[in-house]
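Please put together the full structure from these sequences, using the hints given.
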Amino acid sequence: MIYQDSRTILEVRNLCASVDGTPILKNMDFTVKSGEIHAIMGLNGSGKSTFSKVLAGHPDYEITSGTVLFEGKNLMEMEPEDRARAGLFLAFQYPIEIPGVGNSQFLRLMYNTVQTHRGKEELDPLEFDDFVRDKMKLLEMREDFLDRSVNAGFSGGEKKRNEILQMAMLEPSLAILDETDSGLDIDALRIVAQGVNQLANKGNAIIMVTHYQRLLNYIVPDFVHVMVDGRIIKSGGKELALELESRGYNWVSDEYKAASRVAR
Amino acid sequence: MSVVTQPNSYLQTLLAGQPNVAASKQAWLNKLRSSAVETVSELTIPTTRDEEWRFTDLSMLTKVSLQPAHGEIKLGADEIKRFHIKEATNRLVFVDGVYASALSNIAAKGIVVCNLASELAKNSAILQQHLAQQSKIEGNVFAALNTAYLRDAALIMLPRDTQAKTPVHLLFIATQKEVVSYPRTLVLADNGCEATVIEDYVSLQDEAYFTNAVSEFVLADNARIHHIRVQREGAKAFHIANCAASLSRGSNYQSVSIAMGARISRYNLNVKLAEGAECSADGLAMISARQLADTHTCIDHAQPHAISRQLHKCVVDGGAHAVFNGKIMVRRGSHHTDSEQSNHTLLLSDKAHVDTKPQLEIFNDDVKCTHGATIGQLDNDEVFYLQSRGVSHAQALNMLTYAFAAEVIERIPVASLKHSLEQTVLEQTSTTL
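So the sequence lines, in the order shown, correspond to chains A and B. Going by the numbering used here, the first sequence opens with residue 1, and the numbers climb by one from there. Going by the numbering used here, the second sequence opens with residue 1001, and the numbers climb by one from there.
A hint or two may mislead.
Sample of chain A residues facing chain B (criterion: CB under 10 Å; computed from the structure) [claimed, not checked]:
no. : residue
1   : 19
2   : 53
3   : 59
4   : 79
5   : 92
6   : 100
7   : 101
8   : 105
9   : 110
10  : 117
11  : 119
12  : 120
13  : 122
Computed far set for chain B versus chain A, every beta-carbon distance over 10 Å [said to hold, decoys possible]:
no. : residue
14  : 1024
15  : 1068
16  : 1160
17  : 1178
18  : 1192
19  : 1207
20  : 1300
21  : 1386
22  : 1389
23  : 1391
24  : 1400
25  : 1416
I should point out that these hints are in silico values taken from the structure, not numbers from a laboratory. Here the structure is a predicted model, which is why all the values come from computation and not from measurement. Backbone N, C-alpha and C define an ideal beta-carbon position, used for all residues, glycine too.
Given below as C-alpha cells:
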C-alpha cells in the first residue's frame, strides 16, 4: 500500500556490482518506502537475483560503485548478519540444506540472536516452542517439521514455507522474496502468499523478485519494475505485470532502446 | 614389514619388562605370550617406507623412553566419576592397562562381564580358542607386543540368545607418564545375543605415554553387537590399536569409532563377514594443532550376501593430519555382496592435511560396491545462509562444523555419551574457530 506519511526504507543509487570480474548490476536505481510492495520482474540473467543477494551481503558479489542506504544507514559497510539484525530479510530462491542442524535449534538461535541485538528478551526453549508453533499455524506447517534438520529433505514447498516462517519470526522492515513462487504448487503458493500478506503492514516493505506474474495474483504489488541487463528500465503499477505476461519482455527492451536513441 | 636379523633395540626395551609378567596357570597362555615375544623379536617398528604406514611416521614414538606401567592403582572412585556413562550399569575400569576391580561395577545377570583372570580357569578352552585368533600377531608388531604382555583384559561373554539390557562400558584410563599400557578386550557373542559395548580411552595426565590396545569381537550366528569406540587420550599420547571382528552367518556388527585425542593415533579395524552378515564401520576423526589420526579399515566380504556400510569423516584443523585408508575386499565367490563406503573430510585451515584412500579389491562379479570421497572446506553459501539470519560468521562456522561431525556421532545409540560427545565437538569448534 502507498501511504502519504511513509518513510524511505531502501535507497539504491547507481549501484554497480560484479561477480568474478563480470559486471552484473549496472547503475541500478531503486527506492522503497514503508508500506510498499514492489515486484522486480525480468528474464533469467537480468540481474534480479544478484540484486537480492547484493542487498543481503553475499560475499561472492563485489560492489564496484554506487550507494545503498537501508533505513538511512550505509548497507554496504554492514556484515550480512548485521543487515539481518537491522531488519533486512532475504527469502532464498534455493534455501540451503543443513543436515545435522535441527530446525528448531536453528530457528531459536536465529530468533534469539536477532532479538538480543534489538535489545529484546530471549525466549527459553519452552517459550520459544509456543512462539514458533503459533507462527507455524500461519503457514499450515506440520509439527514434525521442527524436529528435522534445516531444510534437509524438505520438498520445494516446505523449504519456501520455512523461509516465510523465518520472516514471520524476525519481522523484518524489508523482506526480499527471491523467486519465492518457483517450485511451488498452487496450494503451497496460496499458503505462502497468505502468510506474506498477513505480514505486510504500514511499517514494513516487501520486494518480490520473480519471473512470472503468477505470484502477483496472490500478493498484489504497488509497483512493478522491469529489470534488463542489470538495471530497471521500466516501472509501473500492477497492470504492467499483466502486460508482461501477455506480451513478453521484448517490447520493453525495444521501447527502452528507442527512448535511449532519442535521448542521444 | 621386513624381517631383521639384528635385534631391534627399541623393541627390546619395550620387551624388557615382559619377563615380569607373572606366569599363568594356563600353559597355553604362557605359550601364547612367549610366541608373541618371538614374533616381536622378528619384527621392527614400521616406518613410512612400509606401504601401510606411509603417512604415519612413528619415529617420534621411538624417541620417547617408555617403561611398563606399574600396577599400583591410586585412583579413587570420585576421580573417575566424570567418565561414567549414565546408561552403562556394567563398567570395567582399567588403569594403565591394569584391572581396577574397586572402580568397576558389574551388575550383569546372565552374561559374563569381567576381567579375563577371573574366567581363565573356568573357560580355559574357549578363551584359548579365541584369544589372539581374530587379531593375529603374525606380522603385526603392536598386536604381538600387546599379546606378549597379555594378562588383564576386558572379557564379555554373551550366552546364546541373551541380551545385555544396558551398555557395557570399558573404561581405559591413563594415569602414568612415559609408560606403555596394553589394554585388551575380548567379546564373545553367542548365537542370537545382543549387546552394546563402549570402549573408551581417557587420560588423567598430559604427558607422553603409549596405549597399545587390541580388541577382538567374535559374533556367532545372528548375534548383534554395537561397538562404540571413543579415543580421547591426552594431547601428548601415542595410541595404536588393533581391532578385529569376525561375523558369522546373519550376524550384525555396528561400529562407531571416534578419534579426538592423542598426538599420534592409529586405529586398524578388520571386519570379516560370513554369509548374510551385516556391518557398519563408521568413524569420525576430529583433530587440530599437530595431531595425527590414522584410521585403516579392512572390510572383508569373505562370503556371499553380506552387507557393509561405512561412513568415515575427518574434521582437520590447525596443522593436523588425518589419514584414512578404507579397504573393501570381496572374495571370489562372494556374490550378491552389497557394500557402500563414503569418506568426507572437512579442512578448517590452510595447513590442515588429509590423505585418504579408498581401496576396493573385488574378485567377483555380481556385486554392488560404491564408494565416494570428498575433501572440502565449509560451503560459502551455507555460511551466508546462516549469516543472513543474523547468526555471526564465527557462530555459523561453528554450527556447520558441528553439523558435519554430528552425522557420525548421531549414530551412537547411547544418549548420554552422544550428548557429551556433541558438547565436546561444540566446545572444540568454538575454541578453534
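Hints, verified against the model:
1. 19: Violated. Min distance 12 Å.
2. 53: With Cβ-Cβ at 8 Å, under 10 Å, it holds.
3. 59: holds (6 Å)
4. 79: holds (7 Å)
5. 92: holds (7 Å)
6. 100: Holds. Min distance 3 Å.
7. 101: holds (5 Å)
8. 105: holds (9 Å)
9. 110: For residue 110(A), the interface hint holds, since the closest Cβ of chain B sits about 4 Å away, which is under 10 Å.
10. 117: Holds, because the Cβ-Cβ distance from residue 117(A) to chain B comes to roughly 7 Å (cut-off 10 Å).
11. 119: violated (14 Å)
12. 120: violated (13 Å)
13. 122: violated (13 Å)
14. 1024: The claim holds: residue 1024(B) sits with its nearest Cβ about 48 Å from chain A, beyond 10 Å.
15. 1068: holds (43 Å)
16. 1160: Answer for residue 1160(B): holds, closest chain A Cβ roughly 39 Å.
17. 1178: Its Cβ never comes within 10 Å of chain A, the nearest being 40 Å, so this holds.
18. 1192: Answer for residue 1192(B): holds, closest chain A Cβ roughly 34 Å.
19. 1207: For residue 1207(B), whose nearest Cβ neighbour in chain A is about 35 Å away, the distance exceeds 10 Å, so it holds.
20. 1300: holds (31 Å)
21. 1386: violated (8 Å)
22. 1389: violated (4 Å)
23. 1391: Residue 1391(B) is in fact no farther than 10 Å from some Cβ atom of chain A, at 6 Å.
24. 1400: Not fine: 7 Å to the nearest Cβ puts residue 1400(B) too close to chain A.
25. 1416: holds (18 Å)
In the structure shown, a violation is registered for the earlier hints numbered 1, 11, 12, 13, 21, 22, 23 and 24, in ascending order.
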